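Please take these sequences and the hints and turn them into a complete structure.
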Amino acid sequence: MPHQFQERHALEELVSMNAAAAADHLAVVARQAIVVVLAAEGQEASVAALLTADEEISVRFSAPGEWLVVTGLQTPELLQQSLAALLRETAHCVDQSHGRVLLRLSGANSRAILAKGIGIDLHPSAFVIGSSANVLCGHISINLALVDKNSFEIVVMRSFAESLLHDLCEMGRAFDLSVFFAP
Amino acid sequence: MASLIPCPHCGVRPKEEFAIRGDASLVRPDPESSDETWNDYVHIRANPRGRYREHWQHVAGCRRWLVVERDTFTHEVFSVTDGSVRAWEIGR
Ligand SMILES: [Zn+2]
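Sequence order for the protein chains is A and R. For the first sequence, this note's numbering gives the first residue as 1, with consecutive numbering after it. For the second sequence, this note's numbering gives the first residue as 1001, with consecutive numbering after it.
Honestly, the hints are just simulated from the structure, not real lab data. Predicted model only: the values in this text are computed from it and were never measured. Quick reminder that beta carbons are idealized off the backbone N, C-alpha and C, glycines included. Incorrect hints may have been included.
[What the hints assert, rightly or not] Which residues of chain R face chain A? A partial, calculated answer using Cβ under 8 Å: (1) PRO1014; (2) GLU1016; (3) ARG1045; (4) ALA1060; (5) GLY1061; (6) ARG1063; (7) TRP1065.
Listed below in structure tokens is the structure:
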């Protein structure tokens, strides 16, 4: 008998759909495509050049020769296929869209909220727009990126998402952080 | 313990992001070596007061194995190198 798989967001029953965001807001992004790209030995520079030239995707550094490619413009299947066609045998591309959760933290106090759990310098002169890094947030390893002036994107492993959400809510309590699914 | 480690890939990070494996100067003995040699390799450590070279893994960051050279007394970090670079330098 064939199994029927149903797509279900990791934070589905924990976060509401309400659209009224406070000054500091954590948006849970319902749909995104995330692919892990691992460059073959010696191909790191050429893979990096090809990825950064593509304006439809956002490239997040995770390790030497390894990136997270994130986009809201394509389906996971399309992103995986276009990356495989672009990079061919110079890299391995693994679809992680359902294995990771994307959160977007924005607001004037976003740095103060993150500073409660993260040990890197988030000053705008040190962590500039477009920067990304794998960092520890409390006890959970995340990928953090600055996508806009006061707007961070966090990519976390699916099974840690609930625990991270709990931590972020605690970190944001003093600032009345609101949490909703992104419309 | 040294509390800030400059990872060559990620920049300066708190020690909580790392896992420490220990002495990086050990060389695995020949499989046919005596029990004493294997016992020394597996269990006996110098635990020096001062300069020490260890394997650290940046588990919460780039996940690379690094060779950290630090002072166990003053907490000074002298150098941090990627494990693959180090292995190549010493011809292993
Ligand atoms: Zn690192």
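Status of each hint after checking the structure:
1. PRO1014: 4 Å, holds
2. GLU1016: Holds - the Cβ of GLU1016/R comes within 8 Å of chain A, reaching about 6 Å at its closest.
3. ARG1045: Hint on ARG1045/R: violated, closest Cβ of chain A at ~28 Å, above 8 Å.
4. ALA1060: OK, holds: ALA1060/R within 8 Å of chain A, min 4 Å.
5. GLY1061: 5 Å, holds
6. ARG1063: With a minimum Cβ separation of about 6 Å from chain A (threshold 8 Å), the hint on ARG1063/R holds.
7. TRP1065: 11 Å, violated
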